[in-house]
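**Q** These protein sequence lines map, in sequence, to chains A and B. Per this note's numbering, residue 1 is the first one in the first sequence, and the count goes up by one each step. Per this note's numbering, residue 1 is the first one in the second sequence, and the count goes up by one each step.
Derived by calculation from the structure, the hints in this document are not laboratory data. Treat the hints with care, as some may be off.
Identical chains share a label here; the pair holds if one copy fits it or two copies do between them.
What the hints assert, rightly or not - Computed list of lysine-lysine pairs in DSS-like fashion (alpha-carbon distance at most 30 Å, straight line):
1) K282 with K212
2) K149 with K30
3) K27 with K195
4) K149 with K195
5) K195 with K282
6) K195 with K293
7) K92 with K173
Each chain, written out:
There are 2 protein chains.
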Amino acid sequence: MHQILEMGKLLVVGSVAFDDIETPFGKSDKILGGAGTFIGLAASQFNVDCSVVSVVGEDFPQEYLDVFTDHNIDISGIEIVKGGKTFYWKGKYHNDLNSRDTLITELNTMADFNPIVPEAFKDADVLMLGNLHPNIQIGVINQMKLRPKLIILDTMNFWMDNTLPELMQVIEKIDVITINDEEARQLTGEYSLVKAAAKIQDMGPKYVVVKKGEHGALLFNKEHIFFAPALPLEEVFDPTGAGDTFAGGFSGYLAETKNISFESLKNAIIHGSNLASFCVEKFGTERLIKLQKDEVDDRLLQFKDLTQFNIELT
Amino acid sequence: MHQILEMGKLLVVGSVAFDDIETPFGKSDKILGGAGTFIGLAASQFNVDCSVVSVVGEDFPQEYLDVFTDHNIDISGIEIVKGGKTFYWKGKYHNDLNSRDTLITELNTMADFNPIVPEAFKDADVLMLGNLHPNIQIGVINQMKLRPKLIILDTMNFWMDNTLPELMQVIEKIDVITINDEEARQLTGEYSLVKAAAKIQDMGPKYVVVKKGEHGALLFNKEHIFFAPALPLEEVFDPTGAGDTFAGGFSGYLAETKNISFESLKNAIIHGSNLASFCVEKFGTERLIKLQKDEVDDRLLQFKDLTQFNIELT
Numbered sequence: 001m002h003q004i005l006e007m008g009k010l011l012v013v014g015s016v017a018f019d020d021i022e023t024p025f026g027k028s029d030k031i032l033g034g035a036g037t038f039i040g041l042a043a044s045q046f047n048v049d050c051s052v053v054s055v056v057g058e059d060f061p062q063e064y065l066d067v068f069t070d071h072n073i074d075i076s077g078i079e080i081v082k083g084g085k086t087f088y089w090k091g092k093y094h095n096d097l098n099s100r101d102t103l104i105t106e107l108n109t110m111a112d113f114n115p116i117v118p119e120a121f122k123d124a125d126v127l128m129l130g131n132l133h134p135n136i137q138i139g140v141i142n143q144m145k146l147r148p149k150l151i152i153l154d155t156m157n158f159w160m161d162n163t164l165p166e167l168m169q170v171i172e173k174i175d176v177i178t179i180n181d182e183e184a185r186q187l188t189g190e191y192s193l194v195k196a197a198a199k200i201q202d203m204g205p206k207y208v209v210v211k212k213g214e215h216g217a218l219l220f221n222k223e224h225i226f227f228a229p230a231l232p233l234e235e236v237f238d239p240t241g242a243g244d245t246f247a248g249g250f251s252g253y254l255a256e257t258k259n260i261s262f263e264s265l266k267n268a269i270i271h272g273s274n275l276a277s278f279c280v281e282k283f284g285t286e287r288l289i290k291l292q293k294d295e296v297d298d299r300l301l302q303f304k305d306l307t308q309f310n311i312e313l314t
Numbered sequence: 001m002h003q004i005l006e007m008g009k010l011l012v013v014g015s016v017a018f019d020d021i022e023t024p025f026g027k028s029d030k031i032l033g034g035a036g037t038f039i040g041l042a043a044s045q046f047n048v049d050c051s052v053v054s055v056v057g058e059d060f061p062q063e064y065l066d067v068f069t070d071h072n073i074d075i076s077g078i079e080i081v082k083g084g085k086t087f088y089w090k091g092k093y094h095n096d097l098n099s100r101d102t103l104i105t106e107l108n109t110m111a112d113f114n115p116i117v118p119e120a121f122k123d124a125d126v127l128m129l130g131n132l133h134p135n136i137q138i139g140v141i142n143q144m145k146l147r148p149k150l151i152i153l154d155t156m157n158f159w160m161d162n163t164l165p166e167l168m169q170v171i172e173k174i175d176v177i178t179i180n181d182e183e184a185r186q187l188t189g190e191y192s193l194v195k196a197a198a199k200i201q202d203m204g205p206k207y208v209v210v211k212k213g214e215h216g217a218l219l220f221n222k223e224h225i226f227f228a229p230a231l232p233l234e235e236v237f238d239p240t241g242a243g244d245t246f247a248g249g250f251s252g253y254l255a256e257t258k259n260i261s262f263e264s265l266k267n268a269i270i271h272g273s274n275l276a277s278f279c280v281e282k283f284g285t286e287r288l289i290k291l292q293k294d295e296v297d298d299r300l301l302q303f304k305d306l307t308q309f310n311i312e313l314t
């Protein structure tokens with residue numbers, strides 16, 4: 001008896017964009033960016049059938065579209081708007097790389113983004129909703145024919161400030177939310193992340209992932225807490241996309257395994273942290289695009305060394 | 001053949017003081033405090049022969065001395081100065097508990113602290129130098145008859161600002177330094193903690209422990225990095241003494257095992273973090289004084305749950 005298991009399907013919705021980045025180490029000029037891009041590239045490290053739904057303008061070069069297809073990412077859901085311009089973001093990081101100023105945001109075609117889920121992905125196992133207007137996120141959930149095994153939501157303080165009622169409606173419908181520590185505090189009014197996570201779970205999600213940047217990430221459900229550090233690096237070159245890369249590794253692993261137990265989510269957190277540690281080593285997607293499986297595996301061993309210990313209780 | 005192993009000896013040098021603490025949750029009034037106190041009480045959780053060397057005034061109550069002896073801590077090295085007053089510190093924490101204002105510092109007898117190492121501890125296995133003037137720390141090292149297996153140094157930015165040459169002389173002589181992330185950066189001029197730790201190792205210590213408070217602690221030697229998170233707590237009540245409690249657990253475990261391998265130091269980091277998680281739950285030493293072994297063991301299991309994962313590489 002030999003059973004052929006279907007490859008896990010991952011549907012990603014997120015921006016595909018031009019980024020223009022300045023760090024203390026240099027300037028990138030206009031390069032490939034966007035949450036959907038980082039998520040898709042990170043997820044492509046796993047054995048998954050992945051589609052990215054997004055929108056770009058006619059100025060978006062074929063070579064950037066080829067980056068997706070070269071990584072076996074389905075782009076039938078990336079709309080190319082005739083005469084339109086691609087979402088453009090320009091930012092400058094401060095010296096410690098922990099904060100940045102946004103210099104330019106041109107939404108362009110993203111302003112009217114109306115995602116159309118490809119027919120073949122309306123039964124995706126995992127739905128990864130990148131950081132977007134909550135109404136767009138709900139619109140995607142509503143297009144699914146089958147309720148995905150797992151819906152993961154990324155969001156940010158901007159939507160809490162400006163579209164809280166809509167955001168609360170999405171949060172009610174999803175399984176995992178990923179937000180940073182300050183956002184968890186803002187959303188709940190609780191300083192303690194343990195209390196904040198409990199309150200967010202009461203809003204709907206079974207799992208809460210709190211991203212703490214260089215200080216790692218926490219995973220909560222009702223009974224358990226798991227923590228993964230960020231890998232200590234000699235040099236962080238460009239933090240752009242690290243959070244999305246984390247989300248891509250997290251969702252990609254879960255789509256590959258189709259296992260949504262707490263143990264599996266723990267592994268997904270480690271895989272996400274691992275991939276994020278590569279992302280920050282070069283500008284934008286540069287490091288992710290060339291990333292090889294043996295490099296990924298080597299660094300997973302570093303994560304083990306970094307965190308695993310053996311204390312026997314007497 | 002039955003070999004009787006001698007119990008490990010730990011010598012602790014550090015302040016024994018009165019603390020007067022205000023947090024958003026209340027006021028402590030004048031209570032038992034000081035680095036030497038927290039270190040000793042944390043170390044007393046281990047099977048060690050521990051002595052605390054310090055100085056107090058005649059105002060120091062017998063019941064506080066009894067706290068030490070009740071925990072099998074040798075106090076023959078705690079000098080009681082006739083007519084003198086005990087070191088007094090009063091501080092107020094801000095709302096997030098991550099920063100505090102010192103309201104009063106009265107050094108009193110600490111101003112002329114001239115530590116005398118008890119004869120029986122001049123061959124201690126582990127020497128834990130609490131945060132003090134570097135000249136005092138050197139003075140203690142020079143009193144040792146045998147070079148301890150491990151000398152651990154705690155220090156802070158104050159000594160970097162005011163007595164850097166003297167501090168550098170101590171750093172040269174010790175095996176493990178414990179400092180916080182900002183101090184590691186100040187001491188080396190390196191923002192990256194990986195680079196900072198490497199530079200500090202070049203100054204002398206084989207091991208560098210970087211304390212990041214609620215963000216955990218890192219252990220470095222030339223080849224390896226290990227990370228232990230702080231246990232996420234529902235509520236932190238009073239952070240006073242958490243770093244010293246960490247140092248006490250760290251040094252106590254190493255004195256008990258007399259094993260100074262990297263694997264053993266990893267366990268010591270976990271034990272230190274574990275004990276620190278209790279310290280912050282009540283004012284001052286209150287929680288440590290009543291701490292039971294089964295509580296400690298239970299929470300060690302929580303540390304395992306929090307950090308251990310099982311990813312098989314394919």
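**Q** Determine for every hint whether it applies to the structure shown.
**A** Here is what the structure says about each hint:
1. In the homo-oligomer, the alpha carbons of K282 and K212 lie at most 30 Å apart both inside one protomer (20 Å) and across protomers (26 Å), since each shortest distance falls under that limit.
2. In this homomeric assembly, K149 and K30 never come within 30 Å of each other (Cα to Cα): the closest approach is 37 Å inside a single copy and 56 Å across copies.
3. Taking the shortest Cα distances, K27 and K195 sit within 30 Å of each other only across copies (24 Å), while inside one copy they are farther apart (41 Å).
4. Only within a single protomer do K149 and K195 lie at most 30 Å apart by alpha-carbon distance; the minimum there is 27 Å, versus 43 Å between protomers.
5. In the homo-oligomer, the alpha carbons of K195 and K282 lie at most 30 Å apart only across protomers (18 Å), although the nearest pairing inside one protomer, at 36 Å, exceeds that limit.
6. Taking identical chains as interchangeable, the C-alpha atoms of K195 and K293 lie at most 30 Å apart only when they sit on different chains, with a minimum of 27 Å there against 38 Å within one chain.
7. In this homomeric assembly, K92 and K173 never come within 30 Å of each other (Cα to Cα): the closest approach is 35 Å inside a single copy and 43 Å across copies.
Checked against the numbered hints above, the structure breaks hints 2 and 7 and satisfies the rest.
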